[in-house]
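Protein chains in written order, with my numbering: chain A, 96 to 552; chain B, 96 to 552; chain C, 96 to 552; chain D, 216 to 327; chain E, 216 to 327; chain F, 216 to 327.
Bear in mind the hints are in silico, worked out from the structure with no lab data behind them. Warning: the hint list may mix true and false statements.
[Said to hold, decoys possible] No more than 27 Å apart at the CA atoms, straight line, and that leaves these computed lysine-lysine pairs for DSS-like:
1) E:Lys294 to B:Lys186
2) F:Lys255 to A:Lys361
3) B:Lys186 to E:Lys255
4) A:Lys296 to D:Lys294
5) C:Lys297 to E:Lys294
6) B:Lys263 to E:Lys294
7) D:Lys294 to A:Lys297
8) B:Lys296 to D:Lys294
9) A:Lys186 to B:Lys186
10) B:Lys296 to E:Lys294
11) B:Lys292 to A:Lys292
12) A:Lys297 to F:Lys255
13) A:Lys361 to A:Lys297
14) B:Lys461 to B:Lys292
15) F:Lys294 to C:Lys297
16) D:Lys294 to A:Lys292
17) C:Lys292 to F:Lys275
18) C:Lys292 to A:Lys361
19) C:Lys186 to A:Lys186
20) B:Lys186 to C:Lys186
21) A:Lys186 to A:Lys292
22) C:Lys297 to F:Lys275
Nothing here was measured: the structure is a model prediction, and the numbers come from that model.
For reference, the chains in residue letters:
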Amino acid sequence: MNPGDTAWVLASAALVMLMTPGLAFFYGGMVSSKSVLNMLMMNFITLGVVGVLWLLYGYSLSFGSEGGNGFVAGLHNAFLGNTVGTLAGPKGDAIPTLAFVMFQLMFAVITPALISGAIADRTKFWSWVLFVAVWVTVIYFPVAHWVFDFSGFTGPHSVGGWIANQLKAFDFAGGTAVHINAGAAGLALAIVLGRRKGWPKKVSRPHNVPHVLLGASLLWFGWYGFNAGSALAAGDLASVAFTTTTVATAAALLGWIVVEQFRDGKPTTLGAASGAIAGLVAITPACGYVDPMGALVIGIVAGVVCALATGLKFRLGFDDSLDVVGVHLVGGIVGTLLIGFFATSGVNSAGGNGLFHGGGWSQLWKQAAAAGAVLGYSFVGALVIGWIINKTMGFRVSAEAEIAGVDEAEHAETAYEFTASSAGQSVLDRATQPAPTKPTAPVAPAAPAAVKEGSAS
Amino acid sequence: MNPGDTAWVLASAALVMLMTPGLAFFYGGMVSSKSVLNMLMMNFITLGVVGVLWLLYGYSLSFGSEGGNGFVAGLHNAFLGNTVGTLAGPKGDAIPTLAFVMFQLMFAVITPALISGAIADRTKFWSWVLFVAVWVTVIYFPVAHWVFDFSGFTGPHSVGGWIANQLKAFDFAGGTAVHINAGAAGLALAIVLGRRKGWPKKVSRPHNVPHVLLGASLLWFGWYGFNAGSALAAGDLASVAFTTTTVATAAALLGWIVVEQFRDGKPTTLGAASGAIAGLVAITPACGYVDPMGALVIGIVAGVVCALATGLKFRLGFDDSLDVVGVHLVGGIVGTLLIGFFATSGVNSAGGNGLFHGGGWSQLWKQAAAAGAVLGYSFVGALVIGWIINKTMGFRVSAEAEIAGVDEAEHAETAYEFTASSAGQSVLDRATQPAPTKPTAPVAPAAPAAVKEGSAS
Amino acid sequence: MNPGDTAWVLASAALVMLMTPGLAFFYGGMVSSKSVLNMLMMNFITLGVVGVLWLLYGYSLSFGSEGGNGFVAGLHNAFLGNTVGTLAGPKGDAIPTLAFVMFQLMFAVITPALISGAIADRTKFWSWVLFVAVWVTVIYFPVAHWVFDFSGFTGPHSVGGWIANQLKAFDFAGGTAVHINAGAAGLALAIVLGRRKGWPKKVSRPHNVPHVLLGASLLWFGWYGFNAGSALAAGDLASVAFTTTTVATAAALLGWIVVEQFRDGKPTTLGAASGAIAGLVAITPACGYVDPMGALVIGIVAGVVCALATGLKFRLGFDDSLDVVGVHLVGGIVGTLLIGFFATSGVNSAGGNGLFHGGGWSQLWKQAAAAGAVLGYSFVGALVIGWIINKTMGFRVSAEAEIAGVDEAEHAETAYEFTASSAGQSVLDRATQPAPTKPTAPVAPAAPAAVKEGSAS
Amino acid sequence: MRLLTAIVKPFTLDDVKAALEQLGLLGMTVSEVRGYGRQKGHTEVYRGAEYQVDFVAKLKVEVLVEDDVAERAVEAVVKAARTGRIGDGKVWVTPVDIVVRVRTGERGVDAL
Amino acid sequence: MRLLTAIVKPFTLDDVKAALEQLGLLGMTVSEVRGYGRQKGHTEVYRGAEYQVDFVAKLKVEVLVEDDVAERAVEAVVKAARTGRIGDGKVWVTPVDIVVRVRTGERGVDAL
Amino acid sequence: MRLLTAIVKPFTLDDVKAALEQLGLLGMTVSEVRGYGRQKGHTEVYRGAEYQVDFVAKLKVEVLVEDDVAERAVEAVVKAARTGRIGDGKVWVTPVDIVVRVRTGERGVDAL
Ligand SMILES: Nc1ncnc2c1ncn2[C@@H]1O[C@H](COP(=O)(O)OP(=O)(O)O)[C@@H](O)[C@H]1O
Ligand SMILES: Nc1ncnc2c1ncn2[C@@H]1O[C@H](COP(=O)(O)OP(=O)(O)O)[C@@H](O)[C@H]1O
Ligand SMILES: Nc1ncnc2c1ncn2[C@@H]1O[C@H](COP(=O)(O)OP(=O)(O)O)[C@@H](O)[C@H]1O
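Next comes chain A alone, as it looks inside the complex (with noise of 0.2 Å):
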């Protein structure tokens, strides 16, 4: 087992699960004051879902230490089974599997935390957990098993995912399998969810443009976990991976306020922070089988194209809110062809080389080919149990707690409440806290009753 590596893959896997409340506030920034908290709370749970179905047989699923069928892994490692003291990855850079297990599951916590901004200001939460659930078993474990499960990782008979293994598409850290799965998904609900009430008119505008550009920035910070630590050692791969990813996602953030400033005559600051994460998105896949001068590249074209896809739902009409398809799924497509141009064996052995750099148009091929079938998997996966959610247990709150606030009718919460700031206490909305229930009843909560009582009074 090697030190320095697992510091690494440890370092790294903390780093990613900051990614998911990074995240939250990058989204939740984005959205009206009143469905905020629906929004921090859509990432933030999926922590908690995935968190135990991992262990349960999310792992499991992806992963497998002994045999598989290119498809899904299996149930040998279910319960986290055969993971706790045993070994991952080649002698020499070898780690604690529950190393490369938890580095993973942050990996599967994000991606459907991803799909959130499209359904913002409108959708049940626990609609929203049940299609988290479902979709991470039905879509997610599989297609990470597709793409993240390399033969003989984690155990020496173990087949692995077919775009790993057989189709040998390049994905270094999650281009399709993250950022295509998501984006697709994304637009598949909202299909299912619809248009917000006024929607293109009549939508708020962003409540808190700082909070999207702290969200950008812890984004940012873990994605170095991401991309970096997806190399699974401290060594010249990582170091690689982190510099085409700092260089795209440099490019990209000016690539996106060019095209505002000329476009709309000034360069934004949610413009800047959006710029930022279409690079980090298309240089995942790439950014352990390109060069700098690549990356440099692949940035550029991710800023641009992404900055001027955001406008597609306008057109097209589906009410995408925060644009992950915008920036997600055209990122990420953006990023998993570039890699057929722009691959060198220079960076990375185990990669190949693209168009211009000698190798043909045949890992093009293999490229568009991972996209497409996530792609398609992801959206009528989506699609579907999106719609069954819809149509069972429904998706979307009602139209006045549309109006009203999806936080006040979901969660029973608002966000801020600054109004006190400088005078005495605020009693336009002086809580009535419950008066202390009666000392002879067992251990309870404030019971409601108790509370409207104190409220009367």
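Based on these hints, arrange chains B, C, D, E and F with the ligands on the given structure of chain A.
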């Protein structure tokens, strides 16, 4: 010296450092907007006070490189003597002693910070500073010695603390030394300072729920350093601790909001954040002694029990404002005791087996003894220290200050000024900054006199 | 290659990356709510601009793998040539060159960002972008070479910079190259742009103090990468730097608020945050050359002196809006000079002894020479660059834009929209989003024309 | 001169504004207020403790109108703000003695 | 019809509301305002620079009442809002010509 | 008694306050409002989608004055708030029947 282990411990120390600001936001978002700065300051200041005391004598009282009586480690290492250029830990996994010193400092910083939640909205700042200084000296440094100082770790002839070495209760990362310790002290201070005006009927609701979630997220992130870092090496045990921490936190998050759904009718953001913290607290002592399935149960129990325990204060009538008792004391006890059931030497050869793994009742009694000793020592100590401070310099702001806001009264600041956002300069509160004082005067800060002149003009 | 060291340097690079957003919030919270986005953008954009320039020629100008004249490193490594697959550093502690490239990039990013605090509330965005590009090229890249390029580190035949190799002044992590450099440039720009309207009598107070503390906390956290990462290995020296950083920061935090208590009557949150930053700044050059007790003194001095130094601008009449001079220039000088007193080879065999450790006066003069050289070069350079930009494209927004808010004028955005929080949709500012443009048109962003139509309806 | 004051549901503002514009009334002043009346507030829950929020967010619209337009303006606002559900708000009219446009010092009708 | 306007200390609102309810007045509109008067503001200090905050947070309560209830309502509000310390605020009453309930179009007393 | 209401540009408040003080008027109540009129709002752009913000931030200043001071107070405020550019605002005066100081119960002129 092992660079991989050192990298992990340094990274962990940084992660644990971030937990104190994380806690500041977790707590700060829950109070009213006119006392948020005071809450942030009560947390942030512990970095200053304990940071300096640790250097002077804190580390020395907690960790002894030679001799010792099991109760307190003495002054051999005062001013961080014998720590520069020396190593700590077992051969092969040895790290620079200073890395260990810094890692442990961050625990000493956050423990008193945790207490502050019990006395929100009403505390005199300097009294709090004094309390922190005395409490860490008299309570925390000895207790850290009891629990964290394993004989032989920082020096071949050291004796170490009685809980770790004689009693042999298990506490991997501080369920007793940190959470029970802080929770008991919080209860004591809530009693000393008394209830807020209007409690429980009329107190403000949380003024910034997104900041509560931000704080909880930073805490979760940093907690990986806290728990997995406590392995003091980047290997199997750290990976186990990382895994159990994640699983328990996910489960507790779900447990808490399920309680809310049944009890209150809605799952809340504050509940999700609180549940995650409850899970993190409960798994803290257990994370290196239980397997993932054990962690799942501990997490569920912690989420459910702590959610219910927050009702205790209304029943018993003490104003533990932000539920330090309900979350940290109760959560710490839950985790410390459940080790007695779920411990398994399968994950840690230095550990043992609990009741459910064939280990009999003995471990459970040891756990209870450790929990009881720390609880009692801390509660009584905090009560005495708090009482003396209250009688002498006063611990609570005046009634007027409580109504007008502690921020204004204690810090001459207000947290937010949003009114100018979309307009010309807000002149409601337009500042009248000091006129430059006369050039003949020696370098001096803007004098109040000059200012008042200014404002009169 | 050492995986443990590599893990630490990569983690440190990520930590230092986070400092720039941290700085954005530290600064952003201090300005008014109508110019916070502009402040965030001035910081965030440096990640984009410097990220790309570093790839193109910045790294190459700063670090040479062969030859050199001591002033600037040349263009051998342009486009990151010779960095993929090569190693840097001494045998046994060698790391991939790209890890070093990325670590150093983050320093080049944050240094110009630091300058922005001097010109808050009044800066044209694109002029700032141009300034950053020119200033890093002409000032930062050479100065980084002077201070950070040790001969032989990135290539056996490299000559390195004159301060590090000829003068042999000590600057462990950038007291001169980063803080004095940025502080001097900040002073120059404050002079070039001139005072804000109404300064010093009528300027806004900080609009979001919690965000100031958030920023300070992220800075502190990231600073462990900055300082302890500058050891470029996970071992004793990194542990020393981590310790001295912590101690000095804690002491400066206390020093600053004690000054406030005596001078202003209250300790403030802004003061605590500022004190911590002052301590971090001052210990930056010293952290690998002094022992913990030395760090304590440096911290106290920095906290007290910087707290007093923020009054200078009122006395001298320059509007350094957020005290870049008072904190970074003064703090950087304090730390750089105090090395001459407190340096001890006991913590670093590559270091030396200052006056208090029997080393005589020589080191102090070297420190003063280095500080003076960087200060003078940066100040004059920034003055010239700023002056030219001001004369040509203009560096300052119009008086109307300054009153209405730079955010609106420069970015067509406002930071916050809270009014809808507890009610139905806020229609005060109800957005009139673009109607979907006609499907026959090619892909294009929502046209302003369409929008205005929409809003007229 | 008269001052028309209307307390309305926030999302009706656009319609109210349009209705006034149809009468040629092109100026108004709006503020955020909270109303208490027949319409119930809502309940929030934090860690099991319920908070009763009695007040409902409303907008207050103030429009200066000539005496003889007042009645029509009232009708227009009432129609535009009506949803037919409890909490639609109130409209009232008060007399005004003097009106001045700050910019020019014009008075009375010319000030509008 | 009369409009009673009261500027009061924020934390007295509950008592003011209760006092009005005792008179059968079950509606009101509240807004956040800042007052300047005998009561002093406070001083804030940021990095040694003092900021004088002249204004004090108050609430403005507006209640439409029938003419003959006005006097009693004034008394009730004054009593409920009084703490006896500087800054307790003002209450004033102005005449109202027309009052309409938006939901129904009812006028006058029926509109309340 | 009269109530003077002024809608002014936010940054003129200091001058308005000073002008009133010169007339011996030492009390006022201020609130944040948004105005619509000849002065145009501004446009914001988020990811290429434009948002038209029609309203402009203003302050509303309310001052109770004795009848015979009203005219001078109006002049003073108009002068102090004037910048000569569109959007300077309006000042109007309405009659007041009763004025009470909450603290003391004093009425009329004594209440100011
Ligand atoms: N007597 C009153 N004085 C002033 N404002 C009132 C009064 N009664 C109601 N309001 C305002 O009108 C709003 C709507 O009143 P409400 O009684 O809830 O519904 P409705 O007018 O449809 O019967 C309230 O929220 C409040 O702002
Ligand atoms: N002339 C006035 N016109 C309008 N509002 C006033 C006037 N004078 C005072 N106020 C309001 O009444 C509040 C209390 O007045 P103040 O003079 O401080 O205390 P008191 O009324 O107890 O003498 C002020 O904060 C302000 O909102
Ligand atoms: N008819 C009106 N009733 C009430 N307030 C008005 C009216 N007309 C204008 N206002 C207020 O006066 C402000 C300035 O009016 P505007 O027409 O923009 O400029 P000006 O008064 O200089 O002609 C507006 O923002 C609005 O708050």
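How the hints compare with the structure:
Restraint check for Lys294 of chain E and Lys186 of chain B: the C-alpha separation of about 78 Å exceeds 27 Å, so the hint is violated. This hinted pair checks out: Lys255 of chain F and Lys361 of chain A have alpha carbons roughly 19 Å apart, not beyond 27 Å. Between Lys186 of chain B and Lys255 of chain E the CA atoms are separated by roughly 68 Å; this puts the pair beyond 27 Å, and the hint is violated. Under the criterion of a C-alpha separation no larger than 27 Å, the hint pairing Lys296 of chain A with Lys294 of chain D is consistent with the structure, at around 23 Å.
Simply put, Lys297 of chain C and Lys294 of chain E have alpha-carbon atoms about 39 Å apart, too far for the 27 Å limit, and the pair is violated. With a C-alpha separation of about 67 Å, the suggested pairing of Lys263 of chain B with Lys294 of chain E is violated against the 27 Å cut-off. Proximity of Lys294 of chain D to Lys297 of chain A is assessed by CA-CA distance (about 21 Å); at most 27 Å being required, the pair is judged to hold. Distance hint between Lys296 of chain B and Lys294 of chain D is unfulfilled; the C-alpha atoms sit about 41 Å from each other, more than 27 Å.
Proximity of Lys186 of chain A to Lys186 of chain B is assessed by CA-CA distance (about 23 Å); at most 27 Å being required, the pair is judged to hold. Distance hint between Lys296 of chain B and Lys294 of chain E is fulfilled; the C-alpha atoms sit about 23 Å from each other, no more than 27 Å. Of the supplied pair hints, the one linking Lys292 of chain B and Lys292 of chain A is violated, its CA atoms being roughly 43 Å apart against a limit of 27 Å. With a C-alpha separation of about 20 Å, the suggested pairing of Lys297 of chain A with Lys255 of chain F holds against the 27 Å cut-off.
Between Lys361 of chain A and Lys297 of chain A, the direct Cα distance comes to roughly 22 Å. Compliance with the 27 Å bound is thereby established for this hinted pair. Under the criterion of a C-alpha separation no larger than 27 Å, the hint pairing Lys461 of chain B with Lys292 of chain B is inconsistent with the structure, at around 41 Å. At most 27 Å may separate the alpha-carbon atoms for a hinted pair to count; Lys294 of chain F and Lys297 of chain C meet this at roughly 21 Å. As the CA atoms of Lys294 of chain D and Lys292 of chain A are separated by approximately 22 Å, the hinted pair is consistent with the 27 Å bound.
Between Lys292 of chain C and Lys275 of chain F the alpha-carbon distance is near 24 Å, which keeps this suggested pair within the 27 Å criterion. A distance of roughly 24 Å separates the Cα atoms of Lys292 of chain C and Lys361 of chain A; the hinted pair therefore holds under the 27 Å criterion. Between the alpha carbons of Lys186 of chain C and Lys186 of chain A the distance comes to roughly 23 Å, so the proposed pair stays at or under 27 Å and holds. Note on Lys186 of chain B and Lys186 of chain C: the hinted pairing holds, with a Cα-Cα distance of about 23 Å set against a maximum of 27 Å.
Annotation: proposed proximity of Lys186 of chain A to Lys292 of chain A is violated, straight-line Cα distance about 57 Å (limit 27 Å). Pair hint Lys297 of chain C plus Lys275 of chain F holds up; C-alpha atoms about 21 Å apart against a cutoff of 27 Å.
Violated hints, listed in ascending order, are 1, 3, 5, 6, 8, 11, 14 and 21; each of the other numbered hints is respected by the structure.
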